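Enquirer: Line order of the protein sequences matches chains A and B. Each position in the first sequence, counted from 1, maps to that position plus 734 in the numbering used here. Each position in the second sequence, counted from 1, maps to that position plus 7 in the numbering used here.
Don't read these hints as lab results, they were simulated from the structure. In this text the structure is predicted, and so the values were computed from the model without any measurement. Wrong hints could be hidden among the right ones.
[Said to hold, decoys possible] No farther apart than 30 Å at their CA atoms in a straight line, the calculated lysine-lysine pairs in the BS3-like style are these: (1) B:K221 / A:K804; (2) B:K60 / A:K972; (3) A:K804 / B:K179.
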Amino acid sequence: MSYTLIVAEVRRGVFEERNLDSLGLGALLGAQSVLLVPDGAYQVPDKLVDVVLKVKAAEEAYLNPMNMGKILEAVFAARGKPDHVLFTQSSSGTESAAYAAGLFGMPVITDVSGYDRDAGVFLKSYYSDKVFGQFKAAGAPAVLTVRSGSFREFAAEKAAAAAAEAIEGAAAVEARTFVEYVEEEKTDIDITKAEFLLSVGRGIGNQDEVAGYEELAGALKAVLSGSRPVIDKMWLPKARQVGTSGKTVKPKVYLAMGISGAFQHIAGMKDSDCIIAVNKDPGAPIFQYAHYGIIGDIHKVRDKLKELAKG
Amino acid sequence: MNILVFTKRVAATQEEELRITGEGQAVDLSKVPFKVNDWDNYSVEEAVRIVDKAGGSVTAISIGDAESDEVLRRAIAMGAKDGFLVETGEALHDPFTRGELIRGFIDKEKVPFDIILTGVQSEDDQFGAVGGVLAGLMGLPYASMVIGIDAVETDHVVIRRELEGGLQEKVKVATPCVLSIQSGINEPRYVSIMGIRKASKVERKVFKADGYEKGSPKIELVKWVYPEKKGGATMLDGELADVCGQLLGILKEKGVYQ
């Protein structure tokens, strides 16, 4: 019987919310949906899938791509190969998906954000969402990683709770082992508490320009934050990063300057009450999420705003 | 430690408006400048730092057309000893095909290594999958989103992986292994034009990609499309002072600025 294997992402006892998007895509694909979860007290939405398949594995082992390879091998042996294997688009989801694709010789499409059932094509972002490619997988099972927020509305409640199945895990591999979690250092500034964030991105060009934006933030009484490229270059401290690998923020006003709007950034700020974007590229994806937009030179806008704010 | 580090020449599209040509056949990159993939820049830097501490040498490898020599010269200027170009004119969208080509090259040319570094993703296709596919194909231990390398020992490394929301996990990985490096792991050194000119004197080896075994692509690009419009923003138009005045008006209306 054909089925879709949905590999749940769990972390520190929590069934991650973005799994709902995998369940949604699973529903669109139409085959029997089988949700793989490690043994443990996870809050599994068992009405949204046909089968919950529990594997005897500790959470850290389950999240290790090499162990996941062994687990998939056991699942394929027990149930036959699925048509699709879905992972979350996340640090661990993408890691295991790519490794499994190589291990079993499966096609892989990552960061899937759309599916056209009639054409059988999956939508995948290119160039930070400026364009998308429509991809077809040649052969099954195909491995997909699912973008958070893309499919959850399609996850449909079924009449009955899922059937329960179980599988023995394999012995944990020694070639890669979990040591410990490392928490982020606590800092004075908490950008998640700010009502007004002025956020800067790659478009500011170079480090010397940062001071000008700090001045503008001061003049507007905003808190300064940034997108990944600015943090990577160490122009602003890590605690000021907005996005999936940084902070998720919901200020009253989010003023984004020189941020084109890579999805990882959008995911961290899209629920702000009011988003204002300034960018020189009219095709920047951020304008799709912003309430107000200005197309123009961000430094000129900065300097004029400073001048007007003082006056 | 012999370290192989992969580096790719990519279109720098962050600040560019992109056009799809024809019925979705191609994305017009003719007016877009090219540069080294950000993630690979961090990977090359990390490779050089590892051998600075642990000894050994760094070999930079690029898969692409002849123009990719540019990113090899750059890697050599940063401290790589050798530069190998696996030359192909084909756009290899499929990360599986890339992984197979790399495995075929390493096997056939018997390139020695202890650690293979790739960037987490390339800026253009953002698959983020080549390192993982390669590790799976070669049966090597793997870790991605590597945001810190804390220890390099004779038979293992201790690394930190970036998870979501500022959390990291520390992981021990046996060598030989494949690691995919996350941006921000280090501060890549500045590369001067003089440095690149000097690096040009180091011979880069060119290998033809058709000499290595790879299967047919496992995924097919059907067409390119623009993102779905989501309503979009109300655009503020006019002279600079006028536009900025409107912006301040919105801030006042939202109650965050008096």
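Enquirer: Take the C-alpha atoms of K804 of chain A and K179 of chain B, compute the straight-line distance between them, and say whether it is at most 30 Å.
Expert: 19 Å, holds
Enquirer: Given the hinted pair K60 of chain B and K972 of chain A, is their Cα-Cα distance within 30 Å?
Expert: 26 Å, holds
Enquirer: Run the distance test for K221 of chain B versus K804 of chain A: straight-line Cα separation, threshold 30 Å.
Expert: 25 Å, holds
Of the numbered hints given earlier, the model fails none.
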